[in-house]
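2 protein chains.
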Amino acid sequence: MGHNAIIGQSGGPTSVINSSLAGVFSVCRRRGVRQVYGMRFGVQGLLKEQLVDLSALLSSPLSIELLQRTPASYLGSCRYKLPDYRQDASVYEALFALLNRLDIGYFFYIGGNDSMDTILKLSEYAAAVGSDIRFVGVPKTIDNDLMITDHTPGYGSAAKYIGVTTKEIVRDATIYDMKSVTILEIMGRNAGWLTAAAALAQDEDCEGASMICLPEIAFDPERFLAQVERAQRVSPSLVVAVSEGVRAADGHYICELADDALSVDPFGHKYLSGTARYLCGLIGRRLGSKTRAVELSTLQRCAAHTASRTDVEEAYQCGGAAATAALDGQTGMMVALRRLSDDPYLCVTELHDIHEVANLEKTVPLEWIDAENARMKEDFLAYARPLILSEVTPMYVRGLPRHLRLER
Amino acid sequence: MGHNAIIGQSGGPTSVINSSLAGVFSVCRRRGVRQVYGMRFGVQGLLKEQLVDLSALLSSPLSIELLQRTPASYLGSCRYKLPDYRQDASVYEALFALLNRLDIGYFFYIGGNDSMDTILKLSEYAAAVGSDIRFVGVPKTIDNDLMITDHTPGYGSAAKYIGVTTKEIVRDATIYDMKSVTILEIMGRNAGWLTAAAALAQDEDCEGASMICLPEIAFDPERFLAQVERAQRVSPSLVVAVSEGVRAADGHYICELADDALSVDPFGHKYLSGTARYLCGLIGRRLGSKTRAVELSTLQRCAAHTASRTDVEEAYQCGGAAATAALDGQTGMMVALRRLSDDPYLCVTELHDIHEVANLEKTVPLEWIDAENARMKEDFLAYARPLILSEVTPMYVRGLPRHLRLER
Numbered sequence: 001m002g003h004n005a006i007i008g009q010s011g012g013p014t015s016v017i018n019s020s021l022a023g024v025f026s027v028c029r030r031r032g033v034r035q036v037y038g039m040r041f042g043v044q045g046l047l048k049e050q051l052v053d054l055s056a057l058l059s060s061p062l063s064i065e066l067l068q069r070t071p072a073s074y075l076g077s078c079r080y081k082l083p084d085y086r087q088d089a090s091v092y093e094a095l096f097a098l099l100n101r102l103d104i105g106y107f108f109y110i111g112g113n114d115s116m117d118t119i120l121k122l123s124e125y126a127a128a129v130g131s132d133i134r135f136v137g138v139p140k141t142i143d144n145d146l147m148i149t150d151h152t153p154g155y156g157s158a159a160k161y162i163g164v165t166t167k168e169i170v171r172d173a174t175i176y177d178m179k180s181v182t183i184l185e186i187m188g189r190n191a192g193w194l195t196a197a198a199a200l201a202q203d204e205d206c207e208g209a210s211m212i213c214l215p216e217i218a219f220d221p222e223r224f225l226a227q228v229e230r231a232q233r234v235s236p237s238l239v240v241a242v243s244e245g246v247r248a249a250d251g252h253y254i255c256e257l258a259d260d261a262l263s264v265d266p267f268g269h270k271y272l273s274g275t276a277r278y279l280c281g282l283i284g285r286r287l288g289s290k291t292r293a294v295e296l297s298t299l300q301r302c303a304a305h306t307a308s309r310t311d312v313e314e315a316y317q318c319g320g321a322a323a324t325a326a327l328d329g330q331t332g333m334m335v336a337l338r339r340l341s342d343d344p345y346l347c348v349t350e351l352h353d354i355h356e357v358a359n360l361e362k363t364v365p366l367e368w369i370d371a372e373n374a375r376m377k378e379d380f381l382a383y384a385r386p387l388i389l390s391e392v393t394p395m396y397v398r399g400l401p402r403h404l405r406l407e408r
Numbered sequence: 001m002g003h004n005a006i007i008g009q010s011g012g013p014t015s016v017i018n019s020s021l022a023g024v025f026s027v028c029r030r031r032g033v034r035q036v037y038g039m040r041f042g043v044q045g046l047l048k049e050q051l052v053d054l055s056a057l058l059s060s061p062l063s064i065e066l067l068q069r070t071p072a073s074y075l076g077s078c079r080y081k082l083p084d085y086r087q088d089a090s091v092y093e094a095l096f097a098l099l100n101r102l103d104i105g106y107f108f109y110i111g112g113n114d115s116m117d118t119i120l121k122l123s124e125y126a127a128a129v130g131s132d133i134r135f136v137g138v139p140k141t142i143d144n145d146l147m148i149t150d151h152t153p154g155y156g157s158a159a160k161y162i163g164v165t166t167k168e169i170v171r172d173a174t175i176y177d178m179k180s181v182t183i184l185e186i187m188g189r190n191a192g193w194l195t196a197a198a199a200l201a202q203d204e205d206c207e208g209a210s211m212i213c214l215p216e217i218a219f220d221p222e223r224f225l226a227q228v229e230r231a232q233r234v235s236p237s238l239v240v241a242v243s244e245g246v247r248a249a250d251g252h253y254i255c256e257l258a259d260d261a262l263s264v265d266p267f268g269h270k271y272l273s274g275t276a277r278y279l280c281g282l283i284g285r286r287l288g289s290k291t292r293a294v295e296l297s298t299l300q301r302c303a304a305h306t307a308s309r310t311d312v313e314e315a316y317q318c319g320g321a322a323a324t325a326a327l328d329g330q331t332g333m334m335v336a337l338r339r340l341s342d343d344p345y346l347c348v349t350e351l352h353d354i355h356e357v358a359n360l361e362k363t364v365p366l367e368w369i370d371a372e373n374a375r376m377k378e379d380f381l382a383y384a385r386p387l388i389l390s391e392v393t394p395m396y397v398r399g400l401p402r403h404l405r406l407e408r
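Taken in sequence, the protein lines are chains A and B.
Under the working numbering, the very last position in the first sequence is 408; numbers go up by exactly one each time.
Under the working numbering, the very last position in the second sequence is 408; numbers go up by exactly one each time.
Any given hint might turn out to be false.
Since the list can't tell identical chains apart, any single copy or any two copies may satisfy a pair.
[Said to hold, decoys possible] Below are the SDA-like pairs computed for lysine to any residue, each with C-alpha atoms no more than 20 Å apart in a straight line:
#, residue 1, residue 2
1, Lys-179, Tyr-80
2, Lys-48, Lys-179
3, Lys-362, Gln-35
4, Lys-81, Met-178
5, Lys-362, Arg-338
6, Lys-48, Ser-235
7, Lys-48, Met-178
8, Lys-179, Gln-44
9, Lys-48, Pro-236
10, Lys-377, Arg-398
11, Lys-179, Gln-50
12, Lys-362, Thr-331
13, Lys-362, Gln-330
14, Lys-48, Ser-63
15, Lys-377, Pro-83
16, Lys-179, Leu-225
17, Lys-179, Arg-286
18, Lys-179, Ser-289
19, Lys-179, Arg-405
Rather than coming from a laboratory, the hints here were simulated on the basis of the structure.
Sequences are here, hints too, so could you generate the full structure?
Laid out in structure tokens, this is it:
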């Protein structure tokens with residue numbers, strides 16, 4: 001079988017996807033893999049033979065430390081869905097010819113649902129054609145919506161950013177002695193994990209978000225207005241956290257009611273935007289309160305300067321576990337995290353058949369949400385608190401965090 | 001004369017306005033001032049006798065440390081402009097009666113242009129009626145648009161946040177192998193100091209912002225499109241920093257071209273919003289590139305977790321210098337910062353007559369801007385770099401920065 005390894009990153013970025021890359025790379029090197037390649041722009045770049053030699057690029061311990069502090073995908077990314085090989089094998093034939101030419105024995109893909117679908121299809125094709133290349137997936141997504149795994153690397157840092165930001169915005173939004181509503185628009189189309197993280201801000205030094213609206217609960221604008229009005233009787237300046245994906249009972253996104261609703265992301269996918277602005281307009285018109293809409297936007301997934309150390313370390317462990325698994329003979333697997341206890345927090349990696357995880361979506365359990373009072377229950381807090389614990393100090397150069405960059 | 005001191009905070013918040021409060025308070029205590037009051041919600045709260053006893057609230061060294069790490073105005077804020085006392089003295093009579101009843105000898109106001117106008121008017125009224133209460137202003141604004149002072153406490157931390165964020169968003173925005181334009185919308189209606197800070201991101205590990213558009217330079221959409229197109233020939237994914245206040249040659253704000261242009265802030269002031277969204281639409285229509293609009297929003301002024309230590313310390317020094325000045329007999333003054341050298345960076349406080357500073361606005365020198373290439377020149381970088389240097393480690397509790405909060 002092949003002697004070399006190749007690693008790719010795929011899908012949307014996170015603050016810790018590079019820590020997983022560092023984990024895969026480090027274990028491959030320690031276990032004596034001759035050459036470790038990186039694919040530029042995921043499978044899409046691989047098809048164009050856009051490769052880099054990670055063994056050379058990451059040869060120093062400093063480069064590994066910097067890599068773990070660099071947000072987004074060091075290798076570049078893609079959003080590419082492989083066809084069914086039974087219908088169209090040509091892409092597979094090209095890919096496997098290239099992998100064999102590079103003497104690849106181990107193939108790692110770090111990503112979310114779509115990336116696990118890639119691992120599934122490649123490992124099935126390998127079995128069908130009798131290839132012994134081993135395919136292992138490393139989970140990654142800020143959305144925390146992958147099945148099987150207790151949580152997903154990337155979520156903890158995004159949750160920490162949202163907690164930090166919510167605390168700071170609460171301080172900012174409550175300085176005037178007047179009625180106001182600040183609405184934070186948080187990512188998450190179908191799963192409310194990120195928006196729920198705003199609940200972490202509440203503590204003895206912070207009022208926290210007065211209301212939290214997840215996509216798992218049908219959004220009723222009239223009930224929302226009544227809740228805002230009631231909450232303002234207690235404290236005039238409110239901060240409200242709303243998922244970009246909140247929908248009315250009939251399934252329509254609330255942001256579709258805004259004038260410039262659906263925007264298009266750099267990949268050409270429509271993305272949701274405008275929910276907070278729409279709700280601000282509604283509150284202004286109906287309650288006469290001052291409002292401000294704040295979209296947390298892409299910073300949720302790239303604010304590495306406030307990454308969770310727990311998350312950075314688990315991302316590294318997941319990468320290392322994937323490398324260990326492949327080198328020990330496993331294929332068609334994804335690494336998952338299994339929590340042993342909340343407090344003290346204990347969590348281990350384990351392997352799951354990729355069929356268990358690909359193309360499924362995990363949402364926030366309804367019993368963790370107090371829909372009536374738009375708040376997260378203690379169950380959620382106990383789940384989320386350990387994931388944002390501890391910090392990774394950035395390496396500051398001239399006052400700004402230093403990153404590791406791959407030249408184009 | 002009076003034995004006690006009173007401190008107020010006014011105008012928009014910053015990450016370090018509380019460090020100035022700590023500076024005034026600490027020197028007053030050290031110099032033996034009997035009682036230090038805080039006004040809730042600035043002069044507006046003072047008129048309603050909304051006072052707190054800072055001597056009790058800030059009695060421990062830990063509370064001072066936490067205060068310096070807490071964004072926004074600990075005491076609350078207001079936007080309140082005093083009338084001309086020659087036309088309407090009633091507010092002044094009420095205020096001075098209260099100040100005398102509280103045995104106030106020293107009055108400190110931490111704020112921007114409007115707040116310095118308050119110091120000016122109160123000190124003039126005091127002179128007119130023969131009061132010996134001393135009035136001293138402490139500068140504060142993220143906008144950096146105060147005259148006389150080399151820079152304004154609050155700007156360094158906002159600039160650091162913008163530098164950190166721009167670096168992270170550049171990493172995030174350049175992961176796909178395709179054309180895209182990400183537009184960062186940055187605060188600053190007339191002065192481009194904050195938007196210019198995006199230039200700090202460029203370094204050997206970061207491409208930085210490809211273009212920077214300040215309100216000081218008339219914005220020509222056609223020239224902008226041509227520049228974007230040209231830049232994309234070199235690197236397909238661009239990040240562009242645009243001031244919310246950019247205007248066409250005829251003086252119209254670019255954001256007025258957006259559908260939902262002028263929004264209203266929690267104080268009821270119209271604020272500019274939508275510039276980035278408008279430009280994204282324009283680029284999409286005319287160049288067919290993918291786009292994303294990111295409004296940095298209120299986080300620019302409250303992201304204390306990434307405050308500049310230089311800024312936090314200078315804010316404290318300005319507060320301390322104000323207390324020293326008042327206790328030494330000065331009135332009708334504002335503390336300013338005077339830079340002695342860029343590298344090594346040396347900066348001292350000095351006093352200026354409040355008439356020199358109130359109601360004037362300082363913009364970015366045109367010779368620091370390369371309008372043709374939409375870039376900041378080295379002069380600006382030499383000016384701004386020292387202001388973002390070094391960090392203040394937040395005190396993390398349960399994974400989030402701890403703040404000091406005044407109960408409502």
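Going down the list of hints, with the structure as the test:
In this assembly of identical chains, the alpha carbons of Lys-179 and Tyr-80 lie at most 20 Å apart only when taken from different copies (16 Å versus 47 Å within one copy). For the identical chains of this complex, Lys-48 and Lys-179 are inter-copy neighbours only, at 18 Å across copies versus 57 Å inside a copy, given an alpha-carbon limit of 20 Å. In the homo-oligomer, the alpha carbons of Lys-362 and Gln-35 never lie at most 20 Å apart, since the shortest distance is 36 Å inside one protomer and 57 Å across protomers. When the C-alpha separation of Lys-81 and Met-178 is checked against a cutoff of 20 Å, the pair qualifies only between copies, where the shortest distance is 17 Å, while the shortest distance within a copy is 51 Å.
For a Cα distance limit of 20 Å, the shortest separation of Lys-362 from Arg-338 inside one copy, 15 Å, qualifies, whereas the shortest one across copies, 57 Å, does not. Proximity of Lys-48 to Ser-235 under the C-alpha cut-off of 20 Å is restricted to the inter-copy arrangement: shortest distance 19 Å between copies versus 58 Å within a copy. For a Cα distance limit of 20 Å, the shortest separation of Lys-48 from Met-178 across copies, 14 Å, qualifies, whereas the shortest one inside one copy, 59 Å, does not. With identical chains, the CA atoms of Lys-179 and Gln-44 are at most 20 Å apart between copies only, with a shortest distance of 15 Å across copies and 51 Å within one.
Taking CA atoms no more than 20 Å apart as the test, Lys-48 paired with Pro-236 passes between copies only; the shortest distance there is 18 Å, against 58 Å inside one copy. For the homomeric pair Lys-377 and Arg-398, the shortest alpha-carbon distance between copies (17 Å) is at most 20 Å, but the shortest distance inside one copy (43 Å) is not. Taking the shortest alpha-carbon separations for Lys-179 and Gln-50, only the inter-copy value of 18 Å comes in at or below 20 Å, while the best intra-copy value is 56 Å. In this homomeric assembly, Lys-362 and Thr-331 never come within 20 Å of each other (Cα to Cα): the closest approach is 24 Å inside a single copy and 64 Å across copies.
Taking the shortest alpha-carbon separations for Lys-362 and Gln-330, neither the intra-copy value of 25 Å nor the inter-copy value of 65 Å comes in at or below 20 Å. Within a single copy, Lys-48 and Ser-63 get their C-alpha atoms no closer than 27 Å, and across copies no closer than 59 Å, so neither meets the 20 Å cut-off. Taking the shortest alpha-carbon separations for Lys-377 and Pro-83, neither the intra-copy value of 42 Å nor the inter-copy value of 50 Å comes in at or below 20 Å. For the identical chains of this complex, Lys-179 and Leu-225 are intra-copy neighbours only, at 14 Å inside a copy versus 41 Å across copies, given an alpha-carbon limit of 20 Å.
Proximity of Lys-179 to Arg-286 under the C-alpha cut-off of 20 Å is restricted to the intra-copy arrangement: shortest distance 14 Å within a copy versus 42 Å between copies. In this assembly of identical chains, Lys-179 and Ser-289 lie within 20 Å of each other by CA distance solely inside one copy; the values are 6 Å within and 41 Å between copies. Taking identical chains as interchangeable, the C-alpha atoms of Lys-179 and Arg-405 lie at most 20 Å apart only when they sit on different chains, with a minimum of 19 Å there against 46 Å within one chain.
Of the numbered hints listed earlier, those contradicted by the structure are 3, 12, 13, 14 and 15.
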